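Chemist: Work the whole structure out from these sequences, hints included.
2 protein chains.
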Amino acid sequence: MKIKNLKVIGFDADDTLWINEPYFREAEESFCDLMESFMPRHDINRALFSREISNLPLYGYGIKAFMLSMIEAAIHISGRNLPIDVVSKIIDIGRRQLDQPVEVIENVEYVLQSLQKTYRLVIVTKGDLLDQEKKLEKSGLAPYFHHIEIVSEKGPANYQKLIKHLDIQASHFMMVGNSLKSDIMPVLEIGGYGIHVPFHTTWEHEHVDIKITDPKFRQIEQISEILNMM
Amino acid sequence: MKIKNLKVIGFDADDTLWINEPYFREAEESFCDLMESFMPRHDINRALFSREISNLPLYGYGIKAFMLSMIEAAIHISGRNLPIDVVSKIIDIGRRQLDQPVEVIENVEYVLQSLQKTYRLVIVTKGDLLDQEKKLEKSGLAPYFHHIEIVSEKGPANYQKLIKHLDIQASHFMMVGNSLKSDIMPVLEIGGYGIHVPFHTTWEHEHVDIKITDPKFRQIEQISEILNMM
Numbered sequence: 001m002k003i004k005n006l007k008v009i010g011f012d013a014d015d016t017l018w019i020n021e022p023y024f025r026e027a028e029e030s031f032c033d034l035m036e037s038f039m040p041r042h043d044i045n046r047a048l049f050s051r052e053i054s055n056l057p058l059y060g061y062g063i064k065a066f067m068l069s070m071i072e073a074a075i076h077i078s079g080r081n082l083p084i085d086v087v088s089k090i091i092d093i094g095r096r097q098l099d100q101p102v103e104v105i106e107n108v109e110y111v112l113q114s115l116q117k118t119y120r121l122v123i124v125t126k127g128d129l130l131d132q133e134k135k136l137e138k139s140g141l142a143p144y145f146h147h148i149e150i151v152s153e154k155g156p157a158n159y160q161k162l163i164k165h166l167d168i169q170a171s172h173f174m175m176v177g178n179s180l181k182s183d184i185m186p187v188l189e190i191g192g193y194g195i196h197v198p199f200h201t202t203w204e205h206e207h208v209d210i211k212i213t214d215p216k217f218r219q220i221e222q223i224s225e226i227l228n229m230m
Numbered sequence: 001m002k003i004k005n006l007k008v009i010g011f012d013a014d015d016t017l018w019i020n021e022p023y024f025r026e027a028e029e030s031f032c033d034l035m036e037s038f039m040p041r042h043d044i045n046r047a048l049f050s051r052e053i054s055n056l057p058l059y060g061y062g063i064k065a066f067m068l069s070m071i072e073a074a075i076h077i078s079g080r081n082l083p084i085d086v087v088s089k090i091i092d093i094g095r096r097q098l099d100q101p102v103e104v105i106e107n108v109e110y111v112l113q114s115l116q117k118t119y120r121l122v123i124v125t126k127g128d129l130l131d132q133e134k135k136l137e138k139s140g141l142a143p144y145f146h147h148i149e150i151v152s153e154k155g156p157a158n159y160q161k162l163i164k165h166l167d168i169q170a171s172h173f174m175m176v177g178n179s180l181k182s183d184i185m186p187v188l189e190i191g192g193y194g195i196h197v198p199f200h201t202t203w204e205h206e207h208v209d210i211k212i213t214d215p216k217f218r219q220i221e222q223i224s225e226i227l228n229m230m
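Note that the protein sequences, when read in sequence, are chains A and B. Take 1 as the starting number for the first sequence in my numbering and just add one per residue. Take 1 as the starting number for the second sequence in my numbering and just add one per residue.
Treat the hints as calculated values from the structure; they're not laboratory data. Nothing here was measured: the structure is a model prediction, and the numbers come from that model. Note that beta-carbon positions come from the ideal geometry of N, C-alpha and C, so glycine has one too.
FRET-style restraints, in silico, Cβ to Cβ: (1) Arg25/B / Leu227/A: 51 to 61 Å; (2) Met230/A / Pro156/B: 35 to 45 Å; (3) Pro57/A / Asp85/B: 23 to 33 Å.
Modeler: Shown next, in the form of structure tokens:
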């Protein structure tokens with residue numbers, strides 16, 4: 001596939017530009033360590049996951065939402081019998097996560113450097129703005145991006161708004177990301193290009209089993225393969 | 001003052017378009033009710049406020065940040081001796097706040113209706129995107145706005161970015177809001193217009209004592225007075 005007439009390339013942030021999901025997995029492990037006197041680890045994980053999902057409409061995405069879900073799940077798991085110090089330790093897990101160093105994924109910087117000569121690059125993320133701005137700052141990747149677009153949900157309607165907001169046609173837009181469900185499928189649906197760069201860990205909620213045959217779709221192993229398409 | 005050559009009008013959201021701060025005051029009262037066996041109410045309020053301020057760089061603004069600060073403050077106030085049910089009750093305070101109905105301030109809809117015929121209207125807020133989108137939806141004001149701009153901090157640099165992003169000059173931009181510190185002063189600083197509509201309750205952190213003499217500044221009592229300036 002050679003892609004023509006592109007104007008704007010959107011990049012997902014977490015696990016596309018920098019590593020994120022492994023930190024959530026680590027946090028979940030620490031959470032299980034704190035709670036394992038109450039339940040087997042597998043059940044703790046299920047309880048936390050179901051709390052996160054039921055809280056999504058109210059809390060949205062991001063680490064603060066995750067912290068609140070951990071506290072609620074812990075109270076539930078303990079049968080309302082949770083030592084208050086465990087609440088403090090859960091808060092510490094989240095605070096450490098908010099303060100995590102940013103590890104940029106291999107070749108990302110080189111790719112952005114090349115692409116920004118020809119295209120307007122934006123970050124499209126459903127994370128928390130403060131959090132994502134801090135990560136962008138720490139990552140050293142800020143100079144390559146025109147701006148960050150925060151969306152509450154990555155569905156076709158929000159991508160449509162983004163296209164309108166960027167003042168371009170969908171066919172001038174390409175999205176690069178690690179989630180088929182959030183970064184690729186809704187963009188293909190509105191007529192843009194979608195480049196899937198899988199990351200080794202994907203949050204269960206983002207996982208989909210599907211074969212995509214859209215000619216505007218491509219899956220690559222390494223972000224650097226984008227450069228061969230341009 | 002007659003304002004000419006305007007293209008875009010930015011509106012702060014909370015306590016400019018709809019009522020917000022009284023709900024935080026109410027939440028603080030409920031928090032004091034829960035904690036008053038540990039400390040006098042005034043000291044509880046001080047402890048909560050100082051926790052919120054010290055958490056701002058890590059948590060940012062919004063109700064989830066407020067919930068986490070309440071929990072941390074409560075653990076501290078209780079001398080690490082907090083019954084776990086109080087944590088649940090604090091979470092309930094926040095959840096109720098997230099689910100609050102939206103009360104649009106008097107005359108706001110009429111003013112937006114008039115202005116949107118001539119100007120592009122945007123919301124500029126440092127709240128949480130999901131939260132603000134939900135409020136905008138509930139308020140019925142969504143049709144009047146081009147989009148929501150979420151900023152992590154309302155300083156001159158972020159307004160400058162916004163102006164660039166909107167593809168206009170600062171002199172084509174006017175900001176309307178209830179906070180001199182966040183909505184007005186930084187906008188005047190970069191050369192835009194600032195219209196201050198004080199709200200009866202202002203969060204202590206937003207309060208400034210200052211006389212502004214900038215010719216691009218005006219303070220009004222009622223949002224409907226904007227229509228006389230155009």
